[in-house]
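Just need the whole structure built from these sequences, with the hints factored in.
Chains D and S supply the protein sequences, listed in that same order. Heads up: the first sequence begins at 2 in my numbering, then just goes up one per residue. Heads up: the second sequence begins at 2 in my numbering, then just goes up one per residue.
Hints were generated in silico from the structure; no laboratory data involved. What you are looking at is a predicted structure, and each value in this text was computed from that prediction instead of being measured. It is possible that some hints are incorrect.
Put simply, identical chains are the same to the list, so a pair is met inside one copy or across any two.
Calculated cross-link-like contacts (lysine-lysine; reagent style DSBU-like; alpha-carbon spacing at most 30 angstroms) [unchecked claim]:
no.: 1; residue 1: Lys57; residue 2: Lys3
no.: 2; residue 1: Lys254; residue 2: Lys278
no.: 3; residue 1: Lys204; residue 2: Lys272
no.: 4; residue 1: Lys204; residue 2: Lys138
no.: 5; residue 1: Lys191; residue 2: Lys204
no.: 6; residue 1: Lys239; residue 2: Lys277
Protein chains: 2
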Amino acid sequence: MKIAIDVMGGDHAPGEIIRGCLLAATHTDAELILVGDREVISAQIDQGGLYPHPEKIHIVHAQDVIDNEDSPIQAVRGKPDSSMVKAIDLVRSGDADAALSAGNTGALMAAGLLRLGRIQGVERPAIVSVYPLVGQKKAFSLLVDAGANAECKPTNLIGFAHMGSMYMQSAFGVERPTVGLINIGTEEGKGTAQLKETYQLLKQSGLNFIGNVEGRDIPTGAADVLVCDGFTGNVVLKLTEGLAWSLLKNIRKRFTEGLTAKLGAAMLAGKLRELKKEFDYSTYGGAPILGIDGLVIKMHGSSNAIAVENAIILANVAAAAGLTARIRCAMEMAAGERGECKSDE
Amino acid sequence: MKIAIDVMGGDHAPGEIIRGCLLAATHTDAELILVGDREVISAQIDQGGLYPHPEKIHIVHAQDVIDNEDSPIQAVRGKPDSSMVKAIDLVRSGDADAALSAGNTGALMAAGLLRLGRIQGVERPAIVSVYPLVGQKKAFSLLVDAGANAECKPTNLIGFAHMGSMYMQSAFGVERPTVGLINIGTEEGKGTAQLKETYQLLKQSGLNFIGNVEGRDIPTGAADVLVCDGFTGNVVLKLTEGLAWSLLKNIRKRFTEGLTAKLGAAMLAGKLRELKKEFDYSTYGGAPILGIDGLVIKMHGSSNAIAVENAIILANVAAAAGLTARIRCAMEMAAGERGECKSDE
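Now the structure itself:
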């Protein structure tokens, strides 16, 4: 597999992005195409002295960068020589199997749509993110949409459910993943008019729909795939991150008050570190934008080298599983145009 | 103050509700009117043998009960002799200063609207709930709406902001509370079309508006009053409860794995209990329905005696502070009909 990485996008670009690529080169068999300022990339690679697999690292020069302040569509149209657009174009030309970026989310979505197009039957592409679980049988649920579409129609949400299920199946090997609808009560007939309609459509979707999932059941892993609009998804993900960190920080603080507590804290330090790690987004790396006709993965804006490495590993797995073809197939199934998707297509 | 309590509503009614009333009788100067089946109430009071302040306890018989399955408006119209409606009617007749119930939320809202009416200028009454914070300078933020109105117009949200601010000021003594809008980015111009409009209206509202608050900043106490629609508020509250409990449960579990950890856990047990308590909704008791022309307080459906006691204490404070009159005044201020609200009205 060949994976194109926009090394100029993200809060810690290009340093951490490049470091992440070099780490990934030692842990995957993928060839990596680093897209960005050639001089900056070469200088960092030479300086680091860490260059264990030169045959796996390629550089494609891009002289422009899309900023977070840029307006998405204008940026994609006005900056064809930006690292983000060039990384996407490598997928378009067949020179890469996937494109990754930690830059402007809106611009990445726009670049994907404008340069790669949309899979037939997809009304709205969606970002699918991992929702980390602790102390549950499974390590995570998938949340779709995680922030690309603040407002959604019921048919959009149905598309998210199909794409999320197929992603869970092809990238993580879960057969017939359970699908839940985030809502304000478990009973049928709860929530807004839109969600009531979505509930009915999900019942008829052929997916493994298990009903509504309330906020309090999200952390228990109530469903493999959690369906919601991007507004709700964004609030759920960020609240979880904020609350987990604030709680763990507070626990550490309390555990160091007083001598007895200090003794206990020393003993338990390892356990706390372990727990903190489970909430670390960097364990999961990236979130694919499903529905674009080509594999595009959004990395967290604040990605460090570990997060980038993990995103590359994820991209490699998803590309090898033929995720885009399988999403295409899932949408044909949803439209009643075919009966099933074989795992070898 | 005289406080009417629907003792027949809630998951643990009537036992825990009555117990909570008896506890409250020893800790407040309020007179309590227990509304429900007279025989059941008398029997429990006699059986308990705990009846320290008989002069503060009154019973009003109600032969009917509104269930959680009842359709709100039909229940209120069809069951005028229910404990819930009778408790509200005591406020209407001036025989009580506040009515409390842990029963059917929709029915309580309907009973309030049908029997007490709406304060002028209020488009939609809203439930205002305490959002518990840990390790922050303040103990809680207020969240409004906490679930009464799944879908909201911008003008509804502005009303919530005015009512929530006034509640924070009169019940908790916070002068010029900060107001934040829950949204998916901090910058102006983020979120749905409705939220963009709400942002502009809040800027012109005269309230102490500090801008958008993202999910990750909710647990840090970013604003005294958090404004959102009831769908978002419900998801935020329930997710917080679910995640906090799941995290604390997991920490306890990990701390008892292995001998060293067990030693540490024993030392730290007190700290963990302390933290768990801060997330215990029962510390805060009840959530007023703001905008109804009379003080109506919704208690959590699963309220135990402690929660009921705390809700009664809250009702006593809010009634003594003249909350309803002050909300009326806040709405007149919002409409530009008066300049300020004096604390003695």
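### Query
Given identical chains, is Lys204 near Lys272, meaning Cα to Cα at most 30 angstroms, within a copy, between copies, both, or neither?
Result: close neither inside a copy nor across copies, 42 angstroms intra and 46 angstroms inter.
#### Entry: Within, between, both or neither: Lys254, Lys278 at alpha-carbon 30 angstroms
This pair counts as both: shortest intra-copy Cα distance 18 angstroms, inter-copy 17 angstroms.
### Query
Are the CA atoms of Lys204 and Lys138 at most 30 angstroms apart within a copy, between copies, both, or neither?
For Lys204 and Lys138, only the intra-copy Cα distance (26 angstroms) is at most 30 angstroms; the inter-copy one is 46 angstroms.
### Query
Is the C-alpha distance from Lys239 to Lys277 at most 30 angstroms within one copy, between copies, in both cases, or in neither?
Result: close both inside a copy and across copies, 15 angstroms intra and 22 angstroms inter.
### Query
Is the C-alpha distance from Lys191 to Lys204 at most 30 angstroms within one copy, between copies, in both cases, or in neither?
within (15 angstroms within a copy, 33 angstroms between copies)
### Query
How would you classify Lys57 and Lys3 at a CA-CA limit of 30 angstroms: within, between, both, or neither?
Answer is within; shortest intra-copy Cα gap is 9 angstroms, inter-copy 78 angstroms.
In summary, the structure is inconsistent with hint 3 from the numbered list given earlier, while agreeing with all the others.
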